[in-house]
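Each protein sequence line maps, in turn, to chains A, B and C. 858 is the number that this note's numbering gives the last residue of the first sequence; the numbers go up by one with no jumps. 366 is the number that this note's numbering gives the last residue of the second sequence; the numbers go up by one with no jumps. 347 is the number that this note's numbering gives the last residue of the third sequence; the numbers go up by one with no jumps.
What the hints contain is simulated information worked out from the structure, not anything from laboratory work. Given the structure is predicted, the values throughout are model-derived calculations rather than measurements. Any given hint could turn out to be false.
Unchecked claim - Residues from chain A that keep clear of chain C, each with C-beta distances beyond 10 Å, as calculated:
| id | residue |
| --- | --- |
| 1 | V426 |
| 2 | P429 |
| 3 | G439 |
| 4 | R588 |
Claimed, not checked - As a list, the in silico DSSO-like pairs of lysine-lysine whose alpha-carbon atoms are at most 27 Å apart:
| id | chain 1 | residue 1 | chain 2 | residue 2 |
| --- | --- | --- | --- | --- |
| 5 | C | K226 | B | K20 |
| 6 | C | K329 | A | K446 |
| 7 | B | K201 | B | K243 |
| 8 | A | K414 | C | K226 |
| 9 | C | K199 | C | K302 |
| 10 | A | K469 | C | K226 |
| 11 | A | K444 | C | K226 |
| 12 | B | K20 | A | K446 |
| 13 | C | K199 | A | K452 |
| 14 | A | K414 | C | K215 |
| 15 | C | K302 | A | K469 |
| 16 | A | K384 | C | K215 |
| 17 | C | K329 | A | K644 |
| 18 | A | K510 | A | K605 |
| 19 | A | K446 | C | K302 |
| 20 | C | K128 | A | K819 |
| 21 | A | K344 | A | K553 |
| 22 | A | K446 | C | K314 |
| 23 | C | K302 | A | K444 |
| 24 | C | K199 | A | K469 |
| 25 | A | K605 | C | K314 |
| 26 | B | K324 | C | K302 |
| 27 | C | K128 | B | K20 |
| 28 | A | K740 | A | K792 |
| 29 | B | K70 | C | K199 |
| 30 | A | K510 | C | K329 |
For each residue, glycine too, the CB sits at the ideal point set by N, CA and C.
The chain contents come next:
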Amino acid sequence: MSGETILEAKGIYKSFSGVPVLQDVRFEVRRGEVHALMGENGAGKSTLIKIITGVYSKDDGQIYWEGQPVEIDSYQDCQKLGVACIYQELSVIPPLTVAQNVYLGREPRKGKFIDYRKMNEMTQALIDKYDFPLKPETVVDHLGIGQRQLIEILKGLSQNSKLLIMDEPTASLSGKEAESLFRIINTLRSEGVSIIYISHRLEEVYMLSDRLTILRDGKNAAVLEKKDIIPAKVIETMIGKVVDESAGSKKQLRSAPNAEVRLDVRGLTDKSDRFRNISFQVHRGEILGLGGLIGAGRTEVVRAIYGVDKAASGEVYLDGKKLDPSPKNSIREGIGFVPEDRRGQGFIPLLSTTKNVALTNYDIVKTNKIFGPAGDLATAISDSDELAMGKRAIESIDIRPADPEKQVGLMSGGNAQKVVLGKWLMRDLKLLIVDEPTAGIDVGAKDEIYQILENLAKEGVAVIVVTSDLQELLRVSHRILVMRKGDIVREFKNEVVTQSRVLSAGQGVAEEAEEIEKAEEGET
Amino acid sequence: MKRFTTALAAVMVLTMFLSGCQIQKTVRIDPNPNLGASEAAAAGGVSNKVRKDPYAAEQIRIAYVAHDLGTPNNQAWLEGIQRECASWDNIQVSAFNGESSAETQVQIMGDIINQHYDAIILQCSDGTALAPSVAQAEESGIPVITLNLDADTVHSALVMAVDYDAGRMAADKMAEQLGGSGKIGIIQGVPGLHRTDNLEQGFRDTIANYSGIEIVEAQSASFEKETAITVMNSFLQSHSDLAGVFCINDAMAEGAALAAESAGKGGQLVIWGADGEKDALAMIESGQMSGTIYTNSWDEGSTAAKIALLMIGSEYSYNVLTRTPQVIMEPIVATIETVGDIAAEDRW
Amino acid sequence: MKQTTLRRLISLGLLLALVILFTALSGSRFLNANNFIDIVRDASVTAIIGVGVTMAIITAGIDLSTGSIMAVVGMTMANIYAYTLWPIPCMILCGIIVGLGCGLINGYIIGKLHVPEFIGTLATMSIFRALTYMIAIRDANGVIQSQPMNISSYAVLGYAVGYFYFVVIAMIVFVVCGQIFLKYTRLGTEIYAVGANPKAATLSGIDVAKVKMIVYTIVGFCCSVGAVFTTARLQSATTAVGQDFEFNPIAAAVVGGVALSGGSGDVVGTLIGALFMVTLENGVRKLEMNTAYQYVIKGVIIILVVMFDAWYKGRMDRIAREKGAKEGVSA
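Full structure from sequences and hints, please.
Listed below in structure tokens is the structure:
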């Protein structure tokens, strides 16, 4: 029964406000296969899935289900066909039992009341059929993330789903949980259930999938059969350039010699195990790139250094002085932080450029000296000094529009990011941490931001750049650390580094790339 | 659903109609008035009262259930009661705070009856609502003396400052100060309380005799000074020629005076209150307020306590009565001329 | 131990601790059958309204308008009592219809118009109270009066049969039905789902707006029944009816283990919470302490249980993660 096509999407087009996201994409899943879907961030994977599940409407193209053309306008439509999506942010309901969750909204009833006995029996039957490590009566509250995910799968199966979509299913699972999941995926496949498996983790894809579709810049890059799924080839296809040849995919890293250590992180460990025993140093005038996949723990590490989240253990030294990380202390000691979620955490959209810049700097804005010392909460703020600071920020990094009273929320992404950077430039910085500095920013503004970072480094500031954009990572970094699942797995310094080597390290693939590296080391 | 919405709309409209139009109230005839006799005994009902010598018995417990213990008036009454009982070691006075809520008072009453206190001095937040509790207390042998705010059932005694007459006195004196003509307003207390309603009624009935005086506004400020300021401001805005205001209590009169001052009309308006608390008397002396009806609340409290002790020692109980005996405290009209007569030690 | 069990033990423990404390301090003045009957009676209206409020809080909402709905219902009945000779059951029915209507209005505002629960019911709280003033019984001068409602066929609702007051019987019926409704009907499960994870509920085909509308209508119904028993006990209706019932049911629910974040708790817990609140009032009264202390204690207890809930939730999340890390997926 396996082999025939169950879902086929042909000629799919989709654009958001004029920007094409998917162009003529073709995607096909067969019965009883695990079909992986890969691509860099922004390649269009999520958009494609959202079109299949009815969250977005497609601009053009046709979807066929078991050979018949279908229109999917809502998630309910796709459920009716027999497609279930296992969401990344789990949609189980903690206070209910496993069985209640599986049959939510479709509970078997006896008269007016829910027939719990029958419901539990039905759930148990499903559990037995697919051999899930669950009990129907357990309250979900007490279950781990992995088990919760299984409930989602079970829920899909209870609706006789023939196709399960798993979006980064192992992102928040521990190793053991992931192993159980893989076992269950294999069982499902042998039962004739098809699975679309979206993951950044190449080794999983390699191990599980029967076929692999790769998207690049919203277009089909390749559909690979199992025998063709070879890491080097996959990475090559994803990046879209023949490795080591084109500009921007290769760089000679050079660390500044003999620069003194600015930041020294020793044994930093997270409370909830998102990163462990992280130690590294950053020197004066150095730009350190922190690479790895989303969810590898990079953002968590820099947040712990800045003090937004408290680490369970470990120490942070700045210029040899031990820090007690908290945003207030960090600001005082000269650490700046540009967070990942710019709109949510970086600036205050309703306030003007001036106010946004001044907000972090009220301790240094000159005051009227009537009420108290600078920085005191009761101190009156001198409007003119504040305005002067706003103007200084606008001039120093060319924020447009150059109106100090303009609400930052109304500015373009690039200029808003410059405002966020600008507020740190008004201070004597020793260390600047930027997390995904150019996400959603146009190319021109990107270069300006790189320029700002480089200028800062020249002035002796240490910079940590967290980015998922490989090109960016290579472009700005003097040295690169790669994280994977909460550990630093590789350091690249004073050597030639390529996108594929960084990507391989982040994905835990140690094959050709490593061999090449060894060969190079042997030569030098 | 539609049928339900229609029914709902019908009921709403009906209620509005009923209350909007001045339809005559109906009198419901109780087919079975003794059904609830266990709680609300009618006058002449049973009593389980046992006579006790209040000055010799081992222990006498008197409960004071206040409308709101936070007000000066309630504090003064409590102090009066305590002073009266202080001379005897065996008499213990407990104060309970009704927090301006009839529901709370009813719960407190139930509790007190359960514990067999010897007498209750009560200020009813709602005379109708408290009636069953008062009847139940009397029936179980606990004499109830109400203070100012009556209960709608026959009980041992009501000690009250004059209300209807106080309204009359204030009206006459105000009319005199106004020279017999002008526009005035009334700032009301919490609606539905006997005392406030009676005060207002007495005031209105008397003002009606003066053809030159017109009541142009009447609004509630819930006995509160802050609210009275707002209410007074709105009076002054809509009537630039407002000549005076009568407030159902002193706290509101104080608020009204402050509002008049901030409107630049300090001392020009005739502002009256009705309680005679210390602050109000001082404001009369300074000319900020025009007058109040002073009652010695300490005296009132101690009178209530005296009656309570008398009833504890008496072999009579409420069931010999056909209506509640009333003890009326003598009021003093306090104006700038007479306020000096109220001695400092009588100011509460 | 299951969280629900632990939380139930905590609220029962709080109640028991209070009983022991007051017994130690007041002896038989507190510890006697009459007093306990009184406590249950006084807690009944709070618990009846608490049944509805519990459901609202389980959907991660809140209802601040409960006291005002009671007042409107009471005043509607007072009007019918004063101006018509309709039979008493008919009067009560009208009152309940108005209560349901108020609840439906809340539900519509929250469910269909998507006004946040807190703001929506804050607004209707003052609207319903104002409506009460508008339809209040007045004398010829327009002065608001307290309307006596002391005909025995109505007042009987405030009395007892044997040891059981009617209001207590009603409360037991409400709590039992409420508990069965929440735990054993599809709609009950949907209420938990909406509160715990509205996104997931929508994905499971649950009509979130409809669930919310039903829940707030139930609150209105509970309030109207509460108003019937309150006015029957007071044998009168004023504009002040229900002033304590804005926050007491919410406080009772919180003490009883209904998390304000939604998705957890049940009606039995709220009953325990209501008993706790009334026991506290009763005991403080026995001690003849300033009533202000009672509010301080209430406030502190509420902060403590909410802190506990937050701490416990964090702990469970951590345990869930660690469990996954250590054991993998196993039953």
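For each hint, the structure was consulted:
1. V426: violated (7 Å)
2. P429: violated (5 Å)
3. G439: About 4 Å separates G439 (chain A) from the closest Cβ of chain C, which leaves it inside 10 Å; violated.
4. R588: holds (39 Å)
5. C:K226 x B:K20: Answer holds: K226 (chain C) to K20 (chain B) is near 16 Å, not above 27 Å.
6. C:K329 x A:K446: violated (33 Å)
7. B:K201 x B:K243: Distance ~22 Å between K201 (chain B) and K243 (chain B) Cα, so the pair holds.
8. A:K414 x C:K226: holds (22 Å)
9. C:K199 x C:K302: violated (38 Å)
10. A:K469 x C:K226: violated (31 Å)
11. A:K444 x C:K226: Cα-Cα ~23 Å, so holds.
12. B:K20 x A:K446: holds (24 Å)
13. C:K199 x A:K452: holds (15 Å)
14. A:K414 x C:K215: Holds, at roughly 19 Å.
15. C:K302 x A:K469: violated (51 Å)
16. A:K384 x C:K215: holds (16 Å)
17. C:K329 x A:K644: Holds, at about 19 Å.
18. A:K510 x A:K605: holds (20 Å)
19. A:K446 x C:K302: With a Cα-Cα distance of about 47 Å, the restraint between K446 (chain A) and K302 (chain C) is violated, given a limit of 27 Å.
20. C:K128 x A:K819: Violated, at about 44 Å.
21. A:K344 x A:K553: holds (12 Å)
22. A:K446 x C:K314: violated (39 Å)
23. C:K302 x A:K444: violated (50 Å)
24. C:K199 x A:K469: Holds, at about 19 Å.
25. A:K605 x C:K314: violated (34 Å)
26. B:K324 x C:K302: holds (24 Å)
27. C:K128 x B:K20: This hinted pair holds, its Cα atoms lying about 17 Å apart.
28. A:K740 x A:K792: Cα-Cα ~31 Å, so violated.
29. B:K70 x C:K199: Not OK: K70 (chain B) and K199 (chain C) at ~57 Å, beyond 27 Å, violated.
30. A:K510 x C:K329: holds (24 Å)
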